[in-house]
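K.L.:
The chain contents come next:
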Amino acid sequence: GENVEQHPSTLSVQEGDSAVIKCTYSDSASNYFPWYKQELGKGPQLIIDIRSNVGEKKDQRIAVTLNKTAKHFSLHITETQPEDSAVYFCAATSSGGYQKVTFGIGTKLQVIP
Amino acid sequence: GAVVSQHPSRVICKSGTSVKIECRSLDFQATTMFWYRQFPKQSLMLMATSNEGSKATYEQGVEKDKFLINHASLTLSTLTVTSAHPEDSSFYICSARGLGDSLNSPLHFGNGTRLTVT
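Protein sequences appear in the order of chains X and Z. Under my numbering, read the first sequence as residues 1 to 113, first letter to last. Under my numbering, read the second sequence as residues 1 to 118, first letter to last.
DEER-style ranges, computed between Cβ atoms:
1) X/Glu39 <-> Z/Ser54: 32 to 40 angstroms
2) X/Ala29 <-> Z/Gln29: 21 to 29 angstroms
3) X/Glu83 <-> Z/Ile12: 28 to 36 angstroms
4) X/Glu79 <-> Z/Arg114: 31 to 39 angstroms
5) X/Ser26 <-> Z/Lys64: 21 to 29 angstroms
6) X/Glu56 <-> Z/Thr57: 31 to 39 angstroms
7) X/Gly1 <-> Z/Pro40: 18 to 26 angstroms
8) Z/Cys13 <-> X/Asn53: 41 to 49 angstroms
9) Z/Ser54 <-> X/Ser12: 43 to 51 angstroms
10) X/Gly1 <-> Z/Gln29: 24 to 32 angstroms
11) X/Glu79 <-> Z/Leu26: 32 to 40 angstroms
12) X/Asp17 <-> Z/Leu68: 42 to 50 angstroms
Derived DSS-like pairs (lysine-lysine); straight-line CA-CA distance at most 25 angstroms:
13) X/Lys108 <-> X/Lys22
14) X/Lys100 <-> Z/Lys64
15) Z/Lys55 <-> Z/Lys20
16) X/Lys37 <-> Z/Lys41
17) X/Lys37 <-> X/Lys58
18) Z/Lys41 <-> X/Lys100
19) Z/Lys41 <-> X/Lys22
20) Z/Lys66 <-> X/Lys100
21) Z/Lys20 <-> X/Lys42
22) X/Lys100 <-> X/Lys68
23) Z/Lys41 <-> X/Lys108
24) X/Lys100 <-> X/Lys22
25) X/Lys22 <-> X/Lys57
26) Z/Lys20 <-> X/Lys100
27) X/Lys68 <-> X/Lys22
28) X/Lys42 <-> Z/Lys14
29) Z/Lys41 <-> X/Lys42
30) Z/Lys55 <-> X/Lys100
31) X/Lys58 <-> X/Lys68
32) Z/Lys66 <-> Z/Lys14
In silico negatives: residues of chain Z with every beta carbon more than 10 angstroms from chain X:
33) Ser15
34) Lys20
35) Leu26
36) Phe28
37) His85
Rather than coming from a laboratory, the hints here were simulated on the basis of the structure. No experiment lies behind these values; they were computed from the predicted model shown. Even glycine gets a Cβ: it sits at the ideal position worked out from N, Cα and C.
All chains, full assembly: derive it from the sequences and hints.
P.N.:
Structure follows, in structure tokens:
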């Protein structure tokens with residue numbers, strides 16, 4: 001099955017700096033890679049996603065890049081703000097019968113004011 | 001749009017009792033719902049996948065007789081933790097994929113249920 005590795009597990013940045021979270025996946029058949037933000041006591045919320053026919057996607061301060069050859073994808077947050085503090089999960093969707101989504105272990109991002 | 005409501009948000013129960021958690025898609029029809037379990041500071045672990053009108057598919061190591069899943073309609077799935085024990089205490093989260101959604105579409109998550117078994 002799919003295996004998604006995510007790092008770092010924790011990340012502290014000063015407000016206004018950039019944050020980068022990296023993930024790798026193992027199943028070359030995976031072709032959809034969402035990123036979720038989870039605030040304390042809540043369910044994950046989609047913040048951005050990328051499909052395998054695209055190398056980069058940007059939405060305001062958030063961008064995601066995908067390298068299919070290396071099976072890497074990354075989340076970039078620029079001009080970080082305190083409200084960006086949360087746990088971020090990357091995920092990869094396999095092509096199995098039930099379209100299973102495999103999550104990374106999560107990155108706890110702390111933006112220091 | 002695409003709101004998933006999960007209820008209750010918190011529940012405390014005594015050891016040996018059963019607890020039912022509901023997951024509803026409020027503004028769309030969900031052909032597939034997923035149930036996850038999340039331990040503190042850990043990732044989401046898929047427990048089972050349910051499709052409306054059919055039996056759930058459980059992940060390896062998940063006891064189907066302990067975690068009963070029912071997906072009786074296109075807007076409701078339930079997870080019942082039977083004969084709960086303290087080790088079942090966890091954060092349970094459901095997610096749904098809408099009717100007609102492709103593989104390359106995001107999941108819509110509920111806000112989770114914090115279960116504490118005393």
